[in-house]
Every structure is written in C-alpha cells, then in structure tokens.
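Read top to bottom, the protein sequences are chains A and B. Quick note on the numbering used here: the first sequence kicks off at 1 and runs consecutively. Quick note on the numbering used here: the second sequence kicks off at 486 and runs consecutively.
Possibly wrong hints are sitting among the right ones.
To be verified - Which bits of chain B does chain A cover? Going by a derived footprint, with three or more residues having C-beta under 8 Å, they are:
#, segment
1, 622–629
2, 866–875
Unchecked claim - Chain B residues, not near chain A, derived (Cβ > 10 Å throughout):
#, residue
3, P554
4, T640
5, A641
6, P725
Read the hints as simulated data drawn from the structure, not as lab findings. Bear in mind the structure is a predicted one, so any value in this text is a computation, not a measurement. Note that the Cβ used here is the ideal one computed from N, Cα and C, for glycine as well.
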Amino acid sequence: MSVDLSPITLAIFVPLFGAIMAFLLPRAASVIGLATLALTTGAVIWLARAVLTGGAVVLPLGGWGAPLGIDLRADGLSVAMLGLTCAVGFLVSVAALDSLKGAQQARQRQYFWPLWLLLLTGMNGVYLGTDIFNLYVMIEVIALAAVGLTVLSGSRAAVQAGLEYMYASILGALLFLMGVGFIYLQLGRLDFAGLTGAEPTGALIAALALMFVGLALKTALFPLHFWLPAAHANATAPASALLSGLVVKAALYIVLRLAQYMPFPSETLLTLVGLMGAGAVIWGGIQALRAERLKLLVAWSTVAQIGLIFVAFARAGEVGLPESWKAAALLILAHGIAKAAMFLAAGRIKDEIGHDVIRDLDRSPIRPTLAQFTFALAAISLIGLPPSLGFIGKWSLMEGAMAAGYWHWVAVTMAGTLMSVAYFSRVFAGFLRFDRVRAPVGEHQGWALADAAPLTLALAAIGLGLLAAPILGFIEIGYPFGVAP
Amino acid sequence: MMDAPLLPLFILLTSLLAAPVLFSLPERAARLRTGINLGMAGLKVALVAWLSLKVSQGVIYDLRFELLPGLEFKLQADPLAILFIALSAVLWLITTIYSVGYLEHGPHRARFFGFFSLCVAATVGIALSGNLFTFLLFYELLTLATYPLVIHRGTAEALRAGRIYLIYTLAGGLVLLLGTLGLWVLAGTTDFVPGGVLAYVVAVNPLAAQLLFVVLIGALGVKAALFPFHVWLPIAMVAPAPVSALLHAVAVVKAGAFGIMRVVYEVFGIETAQALGVTAPLAVLAGVTIIYGSLKAITQDDIKKRLAYSTVSQVSYITLGVALASPLAAVGALAHLIHQGLMKITMFMVAGNLAEGLGVKRVSQMDGVGRAMPGSMLAFTLAALGMIGLPPLAGFVSKWYLAQGGLEAGQAWVIELLLGSSLLNAIYFMPMLHRAWFRDAAPETTGAPGRPRIGWMLAVPPAATAALVLIAGGFANAPFSPLEWTRFIVAIEYQE
C-alpha cells in the first residue's frame, strides 16, 4: 500500500510515527512529542485550508476507493474535531512538560508520550475514517492508549480505576463490533456511503442499537458512566485533561456520523437517548454536589455535560435533527476546550496546595491565584454563561427545544445549569474565603509558566463564543449534517 | 468635530480593557493602579459627554456583529442609553476616588479594582445594548463581576451572603435567558425598538405574550429587588461600602430597573403592554414593594441594612412610573433613575465614612455624629431630605412627576401611596438626622476637635454627590439636566 503525501494521511501517520519514535527513544520523548504535535497541527491547518477553499476532501487509500478499499474523508465537522484535538492536545502537552518534569516522574514521562501520541493517532483516525470497521479498529487503539494513560501514575486507585475502564471499554468495543458484523450481514458493505438509504429493517435497528450501547459505554452516558469518575479523577492532570476533554468525544463523534448516514430509527429511541442524557445531567450534578475532592467533582461534571450533549441530540425530535446535531457539535467543542482547561487548572491547584480536598481548600495559606482564575473561567463556559462557547451551545439547544415545544428538554437544561452553578460555587468558596487561614496568605505564590496552557484554553473557551457564527459555518462544509445532497 | 462611529465601543473598552491590566498589576503598585483607575474613569466621562452631545444632535450609533445566524451582538446609543451611561460614568469616577481612599492598605486591591472595572464595563454594556440578547450578555457579566466584590472581605459571613447573591442573580439570569429565547422564538428578533416588536404576537397569542412578560419582568425583578425577589439585597450588605454604594446607585439594582424600562417600552411597547393588561399588576407590585421596603427599613438598626431596604422601596418608584403608562409618570421614573442614584450613593458613602472614622455602624450609635463629622453628615442630611421628597431637592422632582402621572393615568391611589411612602421615609430617616445633630455624642464618638477623621478621598465624594442632588433638583429645568433629558426620551418612547 503506497501512502500518498496528503494532509489527511499526515494527520494519521505523523502521530503514529511519533509514538513509535517516542517509545524507542525515551530520553528524547518530550521533544519528539512536542515536535509531533506541532507537525500534526500543521497538517491539520493545511487540511483546514484545503477544506475551506475546496470543500470536503476525499482520499482513497492506495487508490482503490470504497467500497473495495478504504476512503479517508475530511469535511468541516472532521476538521473541527481534528482542530479541537490538536489545539487542546498541543496545550495539554505544553502543560505536561511542566507537570512531568520531576525526577520521580521519569517513568511516567517515558510512557506518557508514546501513549498520548498513539491516542492522537487513533482519534485522528476516527475523525477521518469513512468505514465502520475502520472506526472499530481506531476506537480499540484509543481504548488501549487511554487505559494506559489512566494508570500512568501507578497509584493503587488509578490502577483499579484503569481496570474498570478497560473492562467497560472492551465490552463497549465488543458491542460495537457485533453491530458492525450485523450490518455487514445485512448490507454487505461497511463504508458510510453504502449505509445511506438503507431500509430501516428491524435487524438494522437492532445493529444500530448495539453500536449505540457500545458507544454510550465508551462515552460514559448515564447509566453506563460508572467507570468514568474514578478513571478521570485518579489519572495525572494532563492525562485527565486528555481523557475528559478529548477521548470521550471520539465516541460522541461516531454517534453523530452514524446518525448522519443511517436511517432515522424512531422518535421513541431518540427520546430514550434524551432521557438517558437527562439522567446524566441530574445524576452527575447530584454526585458533583457531593464530591469531596476537586478532581472528582470535575469528573462528575463531565458525566453531566456528556448527558447535556445527548439532550441536544434529542432536543427537537426528528424534524429539527440537522440543527440538533449542530447544537451538539458546538457543545462538544465547548466542553472539550473548557474541560481540558479545568482539569489542568485543578491539577495545578492540587500541585501547589498539596491536596484537593474541597472542604480544606480555604485552609491553605498558598493560593495559586492564576490557576483558580483559570478554573473559574472554565466553569463559566461549562455552566454556559455568556459569551462563552458553552453559552452558545446551550442557547442553540434551548432555542430548538423551545421552538419545537419540547419544554421538558428546556427544563432539564435549566436544572442542569442551576446544579452546575451550585457545585462549582462550592469550589469558589474555597478559593475566596480567607478567615480560616492562620499564616499570612501568599496570594501570588504559585504563579508559573505552567498556568499559561490552561489559561489559554479557558480564555479560548470563553472567547470562541464570539466566533460561533464562523465556526458553525465551517463545520457545515461538506454537509456533515445532511442538509443538502 | 470629527465623527467616530465606534465611540460607544470605545466607551465600553475604557473599563473593559482596564480590567486585565488592573488584575495583572502587583499588589504594591498602588500609584500606578490609582492612575489607571482615575485616568480611565476621567476618559470615560469625557467620551460620554461627547457621545451625549452627538446623540442630542441626532447622530445615530449602531454597531452590529453576528454571533449566530440572525442573532446579533448590537450596541446602540439612544437617549435612554445616554441617561444610564452618563449616570454610571459620573458615579464611577466619584466612587473610584472613594474606593481608593477606602481600601488604602487593604488586601486584594488588584483583584478589587479589576472586578470593579469589569462591573462598570458591564453596566455600560447594559446601557448600550441594542437588543435583549446583548443585554443578557452584559447582565450575566454584571453578576459575575459583582460576586467577587460582594465577598471581598473573604469571611464566612461574606461568603454566605455571596452564595445567596449568586443563587438569586444567576437564577434570575437563567430565567432571563429563557425569556430572551422566548422572545426570539415568538418575535424572531430581540431588538429594542420604540413601540415594541410584539404587537403581532400580542394580537395572535396574547397568553404567550403575557407569559413572556411575567418571565422577563420576574427575571429583571431579581436585580431590581422587586418584592418578593429582594431578599438578596439586604444580605449583600456585607460588601465594602463603595461596593454597596455602586450596587445600589448604579450597577445591579439599576440594571434591573433599566431592563424593566427597555422591556416595557421597547420590547412590548407601552401601548401594547397596556392593551395586554400587564402594566396594572406591575404597578400594584411596585406599590407593594415601595411600602414593604419602607416598613422593613424602619425596623433595621444596622445603618447599611436600613439603607438597603430603603433602596428596595425607592427603586420600585422607577418600576411604578414605567407601569403607570403615562408620559408624566415616565418622566418621573426616568428622572428617579438618576436622582435615586445620586442620593443613595451619597448615603452609602457617608455610612462608610461613619464606620471608618468613628466605628459607627448602627443607628443607635449615631448620637452626636453630626458634630464629629459635620461635612459627611450634612451630605447625608441633604440626601435623606431628598429621599423624603423635600423641595427643591432631587427626590421631590421625581415624586412630583410620579404623582402627576398617577393623576394623568387616572390612578389616584398613587398619590396616597407616594404620600404614605414619604411619611415612612421620614419615619426612618428623621430619627437618624435627629440623633446625629441634636443628641449628645457618646464618649467613644467624640474625639479631638478639629482633627479630620477621614482623608479627603473619603470626604469629597459624598459632598460632590450631595451637591449634585441639590443641583439636579434646583436646576431641574436647565438644559442637559436629567429632567430635561428625560423629557427628550419620553417623547421618543411615547412616539410623540
């Protein structure tokens, strides 16, 4: 198989090559990692320009073309997801340089870079793939790397959480593979183009349902979220940021794609998806209110936010579906950026103060002001306050639900928003209370270059809300939402 | 004179851009911080003066930026915006001077002035918003910027108050989001247009329009401290004095009252709202709030709490004037937006001075403070008499027009309400004045005579605002006085 030199192939093979190199040359792993990220980002920018000027780009690997060979395809949505992955990934990598620089983290450093670059390969593969078997392979690659990142710190809690994550992941992948198999038996094809226009027979719907359950496991949709809080809360900060900000989005993206190419199952199933999302919003909110540690609170908020994205899927029923996907896509981008910022900031706070017990945050005479500020900015986007990208996503969600008269989804969104205010304000109280500190407070202690990456992410999460119109315009290139042809 | 279409944006940026600079200054760079603060506040006053001149000449400012398909971020400078923006620019300058004096040597000043700036930026944004969507953006920013100011002291009590404040205002903001969405879905626009945008909806679906009115006014009523959503306001009194002054006079409660004006006049349109039958209940609710706030104020011993309940009552004058749906009452309401701000900011600054200079925080400790701090207490007295409605002070002018408006609208009960409220105002303010001037001082509040107890930065600002109370009332008919400008606005809103 010859590999054509195209930004599409580069976006997949550069990180793969980087992963191998970082594994072989552990001493140079950080340098290789950053260089790989920079090159991959360059490839994605190149691809974005191509898509912007010429519309969707299709690349038949080896020149065979679907359905015989494998196509890679980049439209606006794919490139937006690639851009999210690379931009967030790059900033998390910068932060990782700092948080993994200690001598005792040499082992972590040695494994972090190869695993992370492998993860990047898998995610880019998902966003460019056009064939559901291919997607299956890629989500297995992602799962392998993600579990590795979870257990990176080597602590007992992390290993235990990693094991649970692995079981969930394997089960999810298995369900997905069964679905793929059924579809192959039904249609004889696995490429997206071959799926369009298929008759929605009972067997096909069952296959779809299997795939959906598998993906729901991987993206931790309530009630299949059980593995997520422990895994995300116990990983090291950069790993948590990658897992929560990026990894869960890959499965969400596949759901979006399947919805684009597969026949619409039924209104009931869609409502069921929305109800699962609503359950996640409520249950995640309750657990975040009860969480005792900062990172656990942030992890539960991911459960709630993922739920909100599924509510967005279902917000207006069948009629408003294309618009609903767009609202969901906006929420995916917003959550990816803001949650990465928040996990990095939480990691910084934990590093500076020495613990992350929420109740005792205000007892610390050290106040990492910039990290706390970053945390608050990220919270603004996650709560969905203007002008953040999260706000625009929430606005689109509620607008569609209201226009369609689906008031229950409006109510769920509002309840979720109020709960997020409540659980995040628990943390702010810890930042801003000063009467329990005995020693003089050093407010500016803990300013460090390491705060630059999370702060940039948090500011982006807020500021990109102002660019929502061009972003929406971009992700519609190539009609990923099935509006036209 | 050169024409600058971006002028409103510049006015917004004077405080919006000052914030990150102030945040990043080290704590000890006090001089530089004060320089930036005063420089930006002064620049803003100058720019606002220029803008008012242009607007009075009929220049139209309209800046738009598309956020989502069809949904715009829109700044516009109409006369109503000028009214509010002028109030905030002038009072920001004065309060900044006061805050610099008040917080000298205190902790977290970088943070304080950063958020202070953001808070003013939000107020300016609220004034300049050209549609409800933009208004919502700044309304939420205002909540976020004031929260760190309310809990500035960092005590358990401050944080508890902050939590209540945040829950009320963010819940209000969420309901406002719901209302804005509702307006967008129903009318297809959220623009502020004199005469309103809902005439068609009201004709087709009056129930939805009524519901929308309730949702929007309820959401704005939280910040405007309309009964029963006023609970947060007296609790937020734990904030430092300049913050309370700003919250009560310009920023938060005024944002709510200003929003109610925009919604009644330019979303629904006064005639449409009247036809819908929603203004009369609003007037009654405002009346209830006026009496309730005054009654509660009488029972408070804490000076700042008494002032806070007085605000609850006084801000509802504005709502009352809007809801009466008569041009004269509207003149009273708009003038009161300014007049109440001038009077209340004076009183809060003096309350801060009493606490700083004498340690006096309760009404029962106020015996003889007039002799210890004559200048401050003179300012307080002027403001209090103005609140009661004594001519020729500012408060009299607004009450006069409100009463006439009540007659014009055929609502005679308004006269009785205003008289009753003035009586209640007197009942809770006169004892304070009596104690201050006519009682002998307690030993701890008498010190060495002749020695100033507070610096000039604390003494001058309330004196200046008290002078404005006198001028706004005494020269109410002069050109460019708040009252004259108000008539200009009412002519537009009533489309005469």
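Against the structure, the hints:
no.: 1; hint: 622–629; in the structure: holds (count 4)
no.: 2; hint: 866–875; in the structure: violated (count 0)
no.: 3; hint: P554; in the structure: violated, 7 Å
no.: 4; hint: T640; in the structure: violated, 5 Å
no.: 5; hint: A641; in the structure: violated, 6 Å
no.: 6; hint: P725; in the structure: holds, 14 Å
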